[in-house]
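A.B. asks: Here is what each chain is made of, one letter per residue.
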Amino acid sequence: MFGLNWDLIWRNREEFLWGLVLGLQMALIGLAIGCVIGLLVAFARTSRHRWLSAPAAAYVEFVRNLPLLLILFFLYFGVPMWANSALPRDVADLLILDGENTVIAGLAIYGGAYLAEIFRAGILSVGRAFVEAGRSLGLSGVQIARYVTLPIMFRTVLPSLGNTFISLFKDTSLAMAIAVPELTFVTRKFVTDTFQFIQAWTVAAVLYIVTAYAIAAVLRFLERRIRWAV
Amino acid sequence: MASIIDELPLLLQGVVATLQISMLVVVAGSIVGVFGGLGLLFGPIWLRAPLRGYVDVVRGLPLLVTIFIIYYVPPAFDIDISGFAAVVVALSIFAGAHISEIVRGGVASVAKGQSDAAKALGLTFWPRIWSVVLPQALPSIIPPWTNTAIEMVKGSSLAYLVSVSELLFQTYKVVGRTGAAMEIYIAAALLYFAINFAVSRFGAWLERRVRYAL
Numbered sequence: 021m022f023g024l025n026w027d028l029i030w031r032n033r034e035e036f037l038w039g040l041v042l043g044l045q046m047a048l049i050g051l052a053i054g055c056v057i058g059l060l061v062a063f064a065r066t067s068r069h070r071w072l073s074a075p076a077a078a079y080v081e082f083v084r085n086l087p088l089l090l091i092l093f094f095l096y097f098g099v100p101m102w103a104n105s106a107l108p109r110d111v112a113d114l115l116i117l118d119g120e121n122t123v124i125a126g127l128a129i130y131g132g133a134y135l136a137e138i139f140r141a142g143i144l145s146v147g148r149a150f151v152e153a154g155r156s157l158g159l160s161g162v163q164i165a166r167y168v169t170l171p172i173m174f175r176t177v178l179p180s181l182g183n184t185f186i187s188l189f190k191d192t193s194l195a196m197a198i199a200v201p202e203l204t205f206v207t208r209k210f211v212t213d214t215f216q217f218i219q220a221w222t223v224a225a226v227l228y229i230v231t232a233y234a235i236a237a238v239l240r241f242l243e244r245r246i247r248w249a250v
Numbered sequence: 004m005a006s007i008i009d010e011l012p013l014l015l016q017g018v019v020a021t022l023q024i025s026m027l028v029v030v031a032g033s034i035v036g037v038f039g040g041l042g043l044l045f046g047p048i049w050l051r052a053p054l055r056g057y058v059d060v061v062r063g064l065p066l067l068v069t070i071f072i073i074y075y076v077p078p079a080f081d082i083d084i085s086g087f088a089a090v091v092v093a094l095s096i097f098a099g100a101h102i103s104e105i106v107r108g109g110v111a112s113v114a115k116g117q118s119d120a121a122k123a124l125g126l127t128f129w130p131r132i133w134s135v136v137l138p139q140a141l142p143s144i145i146p147p148w149t150n151t152a153i154e155m156v157k158g159s160s161l162a163y164l165v166s167v168s169e170l171l172f173q174t175y176k177v178v179g180r181t182g183a184a185m186e187i188y189i190a191a192a193l194l195y196f197a198i199n200f201a202v203s204r205f206g207a208w209l210e211r212r213v214r215y216a217l
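So the sequence lines, in the order shown, correspond to chains Y and X.
Quick note on the working numbering: the first sequence kicks off at 21 and runs consecutively.
Quick note on the working numbering: the second sequence kicks off at 4 and runs consecutively.
Be careful, since some hints might not be right.
[To be verified] To give an idea of the chain Y side of the interface with chain X (calculated C-beta under 10 Å), a few residues: (1) Ser105; (2) Gly154; (3) Ala224; (4) Ala232; (5) Ile246.
No wet-lab data here; the hints were simulated from the structure.
As the structure is a prediction and not an experimental result, all values here were calculated from the model.
Glycine is no exception: its CB is placed at the ideal position from the N, C-alpha and C atoms.
Using the sequences and the accompanying hints, generate a full structural model.
C.D. replies: See the structure below:
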C-alpha cells in the first residue's frame with residue numbers, strides 16, 4: 021500500500037497488539053480504582069461537614085490542574101528518591117512501584133479527581149424527594165447512599181464514565197515516558213529499530229482511533245440497554 | 004528549603020517556556036477552532052466532510068501520538084522540525100479540533116430566530132455571524148474553551164518527551180542534580196496549579212464580560 025513496505029510491521033503485529041491490550045488493561049484498572057476514590061471524594065465533597073468537604077474540594081481542584089506526566093514522574097522518580105532517604109526500608113519498599121503500577125496509580129489519582137466531579141454532579145441530580153423517602157424509611161446516611169443515591173445516579177453518570185475511560189485509555193500513552201511497553205512505547209521502539217516512521221505511526225494512530233471509537237460504540241449500546249431496563 | 008529558592012530561577016525558566024507554548028497554542032487553536040466550527044456548521048459538503056474527518060481523527064488520538072507524528076514523520080521527507088515547533092503545531096492541531104467542536108456546539112445553540120432576524124435586516128453571512136450570532140454564542144463557548152486552555156498548559160508538559168526545556172523538563176533536571184525530590188516536585192506542582200488557576204480566573208472573568216443582558 022502507498023508503495024511502502026508493510027512486511028516488517030506485520031511480522032511484529034503481536035507486539036503492537038499486546039501494547040494496545042496493556043494500555044486498555046492499565047486504563048481499566050486505573051478507572052476502577054479511580055471510581056472508588058471518586059465516589060468517596062464526591063460523597064465527602066457533598067457532605068455537610070466542612071472537615072470532609074474542604075479537603076475533598078482541594079484534592080479535586082489541585083489534581084485537575086496538574087499534568088498527568090508530572091504525577092507519573094512524581095510517583096516513579098520522586099517518591100522512591102524521597103522514601104529511600106526519609107522512611108524505614110520496609111515502608112519505602114511499599115511506596116516504590118514498578119512502571120505499570122505507577123501508571124495505574126497515576127491514572128487512579130488523576131482520573132479520581134475528574135470522576136469525583138462526575139459523581140458529585142450525579143449525586144446532586146438525584147432528587148431530594150428520593151433521599152427524604154429513604155430517610156423516612158429509617159435508612160442511615162450510608163444506607164441512603166448505597167441503596168438510594170447510587171443506583172439512581174448510576175444511569176446519569178454512565179455516559180461520562182465511558183468518556184473518562186476513553187480519555188484514560190488515551191492517557192496510557194504517557195506510560196512510554198517511564199518505559200512501560202504499551203502501544204506508543206512499542207511504536208517508538210519499532211521506529212528507532214527500523215526507521216519505518218510512516219508505517220509505524222499510521223498503525224499506531226489507526227489502532228488508537230479504532231479502539232477509542234469501538235469503546236464509544238459499545239458504551240452507547242450499553243446505555244441503550246440500561247435505559248430499556250428501567 | 005534553601006534548595007528550592009536556589010533552584011527557583013531554573014524552574015521559572017521552565018514556566019516561561021510552558022507559557023510560551025501554551026499561549027501560542029491557545030491563539031492558533033482558537034483561530035483554527037472558530038473557522039473550523041463555522042465550517043462544520045455552514046460549510047459546503049466538500050469543506051464539511053474533511054473538517055469532520057479532521058476533528059474526529061484528532062479527538063480519537065492521544066495527544067502524545069499527535070506530537071510524535073508531527074515530530075518524527077516530517078524528517079522522513081527531509082523536513083526539519085524542532086521539538087518546540089513540533090509541540091506547538093501538534094498541540095494547535097489538537098486544540099483546533101476541540102475548539103471546533105466547542106464553537107460548532109455554541110453557535111448551533113443560538114436561537115435560529117436571531118440569524119433569521121439578521122437576515123431580514125439585510126445582513127450578509129459574515130456580518131450576521133460576526134456581530135449577531137457569535138457574540139450570543141460566547142457565553143456557552145467560553146467555559147469549555149477555558150478547559151481546553153488548561154488542557155493545553157497541562158499538555159505542554161509532553162514537550163519534555165521531545166526535549167523542550169519547559170517546566171516538567173526543568174523539574175526533572177533539577178531533581179536529578181539536587182536530589183530534593185519531594186520539595187522540587189511539590190514546587191513544580193504548585194507552579195502548574197498557579198498557572199492553571201490564573202487561566203481559570205481569566206476564563207471566569209471573560210465569561211462575566213460576555214454575558215450581555217439579553
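A.B. asks: Now, for every hint given, state plainly whether the structure supports it.
C.D. replies: Consistency of the hints with the structure:
no.	hint	verdict
1	Ser105	8 Å, holds
2	Gly154	34 Å, violated
3	Ala224	6 Å, holds
4	Ala232	4 Å, holds
5	Ile246	24 Å, violated
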